[in-house]
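Peer 1: Listed below are the residues making up each chain.
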Amino acid sequence: MQREVGTLPLAPALRARLAAAGFQTAQELLDTGPCGLSKEIGISREEALEALQVVRQECHGDAARTAGGSGATRKCTALELLEEEQAQGFIITFCSALDNILGGGVQLTKITEICGAPGVGKTQLCMQLAVDVQIPECFGGVAGEAVFIDTEGSFMVDRVVDIAAACVQHCHLIAEAQQEEDHRKALETFSLENILSHIYYFRCRDYTELLAQVYLLPEFLSEHSKVRLVVIDGIAFPFRHDFEDLSLRTRLLNGLAQQLIIIANDHKSAVVLTNQMTTRIGQSQSTLVPALGESWGHAATVRLIFHWDNSQRLATLYKSPSQKESTVAYHITSHGFRDVQPPAVTHSAEGTELNPRKRPRTEEEKQ
Amino acid sequence: MVVLQAGLCPGLTEEMLQLLRANGIRTVVDFVSSDLEDVAQKCSLSYKALVAVRRVLLAQFSAFPANGADLYEELKSSTAILPTGSPSLDQLLDSGLYTGELTELMGAPGSGKTQVCLGIAASVSLGLKQHVLFLDSTGGFTASRLYQILRAQTEDEEEQARLCFVLQLEALQRVQVVRVFNIYELLGALQELRDRLSQQAVSSVGPLKVVLLDSVSAVIYPVLGGRQSEGLALMMQLSRELKTLAREFSLAVVVTNQVTRDSSTGQLKPALGRSWSFVPSTRVLLESREANWERASTQRAASLAKSPRQPAGIQVELDIG
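Here the protein sequences line up with chains A and B, keeping their order. Residue 198 in our numbering sits at position 150 of the first sequence, and the numbers go up by one each step. Residue 349 in our numbering sits at position 142 of the second sequence, and the numbers go up by one each step.
Quick caveat, the hints were computed from the structure, so don't treat them as lab data. There's no promise every hint is true.
Covered stretches of chain A (chain B as the covering partner; in silico rule of three or more C-beta atoms under 8 Å from a C-beta of chain B) [to be verified]:
(1) 52-64
(2) 124-133
(3) 152-161
(4) 292-304
(5) 309-315
One-sided and incomplete, this derived list gives chain A residues near chain B with beta-carbon spacing under 7 Å [unchecked claim]:
(6) 70
(7) 345
(8) 346
For clarity, every value in this text was computed on a predicted model and none was experimentally measured. All C-beta atoms, glycine included, are put in the ideal place defined by N, C-alpha and C.
The shape of chain B in the complex, shown without the other chains (with noise of 0.2 Å):
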C-alpha cells in the first residue's frame, strides 16, 4: 500500500493529487480500485490521463507471472544442496539442507538441537568453505564446542596437524555469530543482512550460503498470547523476511524450535502453534531415545515430521557426541 505521490510516475501532478486526496483517493490501490470514470467527473481531471497513469502504476507495482518451465530452470541452476554433517541426518532430509526453503529442528531441552546447528555450521564452513551465519538467543553458541566438532571433522580427513588447525581457524573465521535476544533485534538483525547481501549481489552466489536461528521460540514466546494480536503479527513478519531471505539469495535458513506438552493429551507437539506450522517445509523432530534424565546417552532420533519430498514418519538414529 504505497501511498501516492507527485513525481511516483509522470502524469501525476500536485494539483492532480490534492484533487484526488479531497475525494479521498490516498494510496496506489485505492487509485487502481477506483472506477475512473467517476473520479473524473468528481475531481474535473481528464480521463486519459487518469488511464495513462493507472497504467505506470500498474506496471510499476503489480506482480509478474511466471513461466513453470523458467522457474524450473532457474531453480535447477541455483539451488544447491548442503551436507549437514551427519549422514543420517543427510538421508533422513533427501541428501542435506535444500537452499531456498526454511527448515525447522524441534526438540525437548537437552535432545541435541544447538548441537545438530554446531555440526552444520562445522559441516558448511570446513566442508564446502561457503560463510555461515549464526543468530543466537539463547546464549547456547559455544565456540570451543565447534572448536571440537571442526576438529573431529578434519583429523578424519587429513593427516598434517599444522595443516590441520590453519583449515580450522579458517572455519572458525567463516561462522560469524550475532546474539539477539529480541524479536526487534532479530528483525534488525535480517533487514541488515539483506541490505549487506543484496549490494554485493552481482551474482546471486555471495559468500553467505546458510542461516542457523537458534532458536525461534524464545524471541517470540514473550510476545505471544494474552489479549494482544501483535506478536502474531511479529512472528509472521519474521517468516515473510526469513523466507524471503531463502528465496532471494539461495540461503538454507535453519530454525529450532521448542516443543510443549499438549495439556489434554500430554504430547509433545512443537511450540509457536499452528500459524508457524505452515512456515517452514521441512519439520525435524528430535528426542532422546531415554525416557528421563537418569540414563545419559549420546543417541538420538530423528523423525521427519513434515517434508515436501519425502514421506513423514522416517525415522534414522543421530549420534550428537
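So here's chain A without its partners, still in its complex pose (with noise of 0.2 Å):
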C-alpha cells in the first residue's frame, strides 16, 4: 500500500516521530514490524502495535475497496444511485402543498432542516413525523420507527396522542373506502399504543449530552434497525449560550454535523433538525436568519424556514439539491399538521361545512 504516512489516523506526535525517522509510506511501516518500529523512534511495543494495527485497518479498508467489495464501500455509479433514490419512499407530513415542495415528502438519507420563529409550528412538525414515519406501506409511508432526542424540552405526549389518533383514524378512512386484505392488516398493528411505543425519546440537557447521544446513536441503531427517522429538537438550544470559544462550537457542530450524514446514509433513515432564528442587523434593515451561523448552513441538506404572513403560517424551501425554491402555506390544527383549506373548493358533496377530519383527497392515497 503506497498511503503515505500523514494520511493515516495517527496521534500527531506518533505522526511527527515517524516524519523524522524517515518514514513515508504505509507500507514501510508494515514491514518494520513492531520490534523494529519501537527502537526506530522510541516508543514501546504495546504503542508500536496499536499504530500497526490502525495502519492495518486503513490499508485493508483501502484494498476491500480497490477489490470492489460492496458491503461497507460507499461507491457506486449514478444510475445505481438513481434506481436505489426511486426507490425509496418519502415521509409525509400530512400537508399535500408542503409534500409536493419537497419532492414528495421528508427524503431519506438526507438531513432536513426547519428554522423558524418561536411557535410557527417546527416542533409540531417534528410530532408529526414521529407518527407519520411509522404509517404501514400500503397506505404510502415507510413503515419505520422514530428516534426523537429532544433538548428544549418540548416534547409534549398528549399532543402525540392526539396526532397519532387522528393519523389512525385517517388510515380507517382510507381502508374502509379501499377494501383490501393488506390495509386491513396493516390496521390490526397500526394501533395508538403500538405508534407511541415506536418513538424512543431521549433527553439531552447540554452539548455534551447532546454530542454524546449523537456519537453513540450508531450502536442505538444497528440494534433498532428499524429506525427510519432521527428527529433533533431543538440543536440551536444548547449551543448557543456559554460558549466563549465560537471556534470551538464551529469545530462541535460541524463534527456534528459530519456524524448526522454518517448516520442518515449507513440507516437509510432521514433526519430531521430543528433550528432558531436570530436577527443580522444590517447597514438599513434588519432581517431574521436562521442561528449558528454561516457555516453551520451548509451542514443541512434541505432548509426550510417556517414564518409569518400576517396570521397565516407559510413554509419557504430554501435549499434543496433537486427541488426549486418555492413558498406554501399551511395550518396546525387538532389533528397536527395539515394543508389550508381553500375556501372555495369543497361545495360538491360535503355541504357547507368544512369537516376538519377529512383532508382534501389528492393522488396519493388513491393508490
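These two chains come separately, so use the hints to put the complex back together.
Peer 2: Have a look at this one:
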C-alpha cells in the first residue's frame, strides 16, 4: 500500500516522530514490524503494536475498496443511485402542498433542517413526522420507527396522542373506502399504543449530552434497525449560550453534522433538525436569519424556513439539491399538521360545513 | 526523507549501514548533506565508496529541472478544456475548466454550488463521453436531479426519445459517486484513485477527466482549529494529493467551499483561511441575486475571485434552474 504516513489516522506526536525517522509510506511501516518500529522511534512495544493495528485497518479498508467489495464501501455509479432513490419512500407530512415542494415528503438519507421563529410550528411538524414515519407501506408510508432527541423539553406526549389518533383515524377511513386485504392487516398493528411505543425519546440537557447521544446513536440504530427517522428538536439551544470559544463551537457543530450524515446514509434514515432564528443587523435594515452562523447552513441538505405573514403560517423551501425554491401555506389543527383549506373548493359533496377530519383527497391516497 | 537501507544502491552494504547509523546518519538526506571526508574518517570507510554511493543516491532521489519550452509543448498536448454546461460560466473561466488545475466554487448555503457541480458532471459525461468521479462529503448528491439535467441537455439536441434515453443511461453510468464523510476516508479514496489510474496509465488519457469534490470544507472543518496543528497538516496533505492527481493524470479537479462571515467587517469570505486560499488556481464566488430568503429565484451571479488567466472581478449571470 503506497498510502503516505501523513494521511493515516495516527496521533500527531507519533506522526511527527515517524516523519523525523524517515518513514514515508504505510508499506514501510508494516515491513518494519513492531519491534523495529519501537526501536527506531523510541516508543514502547504496545504503542507500536497499536499504531500498526490502525495502519493495517486503514490499508485493508483501502484494499477492500479497490477490490470492489460492496459491503462497507459507499461507491456506486449514478445510475445505481438513481434506481435506489426511485425505490426509496418519503415521509409524508400530511400537508400535501409541503410534500409537493419537498418532492414527495421528507427524504430518507438526507438531513432536513427546519428553521423558524418561536411558535411557528417546528416541534409540531417534528411530532407529526414521528407519527407519520410509522404509517404502513400499503398506505404510502415507510413503516419505520422514530428516535426523538429533545433538548428544549417541548415534546408533549398528549399532543402526540392527538396526532397519532388522527392519523389512525385517517388510515381507517382510507381502508374503509378501498376495502383491501393488506390494508386491514396493516391496521391491526397500526394502533395508538404501537405508535407511541415505537418513538424512542431521549432528553439531552446540554451540548455534551447531545454530542454523546449522537455519537452513540449508530450502536442504538444497529440494534433497532427499523428506525427511519431521527429528530433532534432544538439543535441550536445547547449551542447558543455559554460558548466563549466560537471556533470550538464551529468545530463541534461540523463534527456533529458529519456524524449525522453518516447516520443518515448508513442506516437509510431521515434526519430532521430544528433551528432557531436570530437577527442580523444590516446597514439599513435587520433580517431574521437562521441561527448558529454561516457554516452551519451548509450542514443540512434541505432547509425549510417557517415564517409568519400576518396570521398565516408559511413554509419556504430555501435550500434543496433537487427542488426549486418555493413557498406554501400550512395550518396547524387539533389533528396536527395540515393543508390550508382553500375556501372555495369543497362545495360539491360535503355541504357547507368543512369537516376537519377529512382532508382533500389527493392522488397519493388513491393508490 | 527515505531511510537508508541495504540494497538501496549497489555499494551500500549492511556493515556500511551499521557504521553510518552508529554515527547518526540514518536517512538519505543526512547522508547527502554530511561532509564525506569527515564521515570517512569517523566510520573508517573508503572515501571513494562513499562518493559513489552519494552519486547514485542523488541520481535516484533528486528532482530534475525541465526546460521551459519542453514544458510548454507538453502542456499544449496534454491539457484539455472541458465545458461546464453553462455558456456564461465557460466565458468566466476562459472557455471552460482546464485540466491539470484545481478550480474552486464557493458560496453561501443555497447559492448553487452542488447544482453547478452536477451540471459539470452532466456536460462532461454526456457531451464529451468521459468518466466523472464525484466525491460527495455532504450527502447532497441527488441522482434524480442529475437525471433531470441530463434530460434537459439531451432533449435539446436529439429528436428520438429512445435514443435520448439510451444516451442518458450511458451518461449516468459514466458518473461514479463515492461518499466520503471524514478526511481519512477522503485521503484513502484519493490514494485508491491514484493507484487505479497509475496502473492503467499507459497513455496519460485514461477515461477519467473530472474529479468533483463537494465539499472540501465539510471534511476539514471538524479537524481544523483549536490547539492542534494537525488539521492544517491534513489540509495541506489533501491539497497535495489533489494537485498531484490533477497534474500527473491531466484531470480537472473542482472543489466546493463554504463562505464564512468575517467577524470584524461583516463581509463574506471563503472558508478554510489563508493557507487554503493558495491551493486552487481559480476561484469562483456564487451568490444569490436576492439579499434574503424571502424571494426565491433560480438566478445566480458568479464572479471570478482569483484566476491565472482572466482579470479578477468579472461577473456573469447563471441560471441553475
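Peer 1: All the hints need checking, so say for each whether the structure fits it.
Peer 2: Hint check:
1. Only when three residues or more bring their CB closer than 8 Å to a CB of chain B does the claim for the region 52-64 of chain A stand; here the count is 7, and the claim holds.
2. Under the rule that three or more residues need a Cβ within less than 8 Å of chain B, the assignment of the region 124-133 of chain A holds, with 8 such residues.
3. Counting residues of the region 152-161 of chain A whose C-beta sits closer than 8 Å to any C-beta of chain B gives 3, which meets the bar of three, so the coverage hint holds.
4. With a threshold of 8 Å between beta carbons, the proposed coverage of the region 292-304 of chain A by chain B holds, since 6 of its residues qualify and at least three are required.
5. Residues of the region 309-315 of chain A with a Cβ under 8 Å from some Cβ of chain B number 4, which satisfies the need for three, so the listed coverage holds.
6. Here the hint on residue 70 (chain A) is kept, as its CB sits about 4 Å from the closest CB of chain B, short of 7 Å.
7. With its C-beta approaching chain B no nearer than about 3 Å, residue 345 (chain A) sits inside the 7 Å limit, and its interface hint holds.
8. For residue 346 (chain A), the interface hint holds, the least distance from its beta-carbon to any beta-carbon of chain B being 5 Å, beneath 7 Å.
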